[in-house]
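Using the UniProt record's numbering, the first residue of the sequence shown is number 1, and each one after it goes up by one.
Computed beta-carbon distance windows for the label pairs:
(1) Ser64 / Leu116: 29 to 37 Å
(2) Lys119 / Ser97: 28 to 36 Å
(3) Ala72 / Tyr43: 38 to 46 Å
(4) Ile71 / Ile44: 38 to 46 Å
(5) Ile44 / Ala108: 38 to 46 Å
(6) Ser97 / Lys120: 30 to 38 Å
Keep in mind that the hints were calculated from the coordinates and are not lab data. Since this is a predicted model, take the numbers as computed values, not measurements. Ideal placement from N, C-alpha and C gives every residue a C-beta, glycine not left out.
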Amino acid sequence: MANHSQSRTSNTSKGPRKKGGLKGAFYDLLDKLVAYWEVMAIYIQKNVSVFLRNLIFSSIWIFSALFFIFIALLYFSYAIFLSLQKFLSNGDPILASLGTGILFFIIAFALVELVLKQKK
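All chains, full assembly: derive it from the sequences and hints.
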């Protein structure tokens with residue numbers, strides 16, 4: 001009787017044997033990897049959709065702002081043209097347009113020079 005109880009404890013100390021052995025463990029590993037990649041695909045899909053939604057909303061606001069800035073600069077340049085035409089060139093539109101072009105050319109070069117100085 002002592003041998004019988006001793007053999008029973010020796011079997012339980014080793015634990016139950018897994019069926020399938022190494023092949024079963026490999027299939028379990030593959031199942032876990034497939035499940036992991038499925039979860040990662042869902043996570044990536046969710047994050048990409050959130051990123052694209054935010055990108056679309058922000059691009060709409062940025063393009064709208066740039067459009068209105070462009071319109072404002074257009075009206076500002078036309079106001080400069082009209083003031084040069086009225087006050088400096090005595091109504092001559094060619095001289096006023098040349099003056100406006102030269103003024104904006106000087107402003108553009110000054111801004112480029114300022115940016116290049118700050119980069120050094």
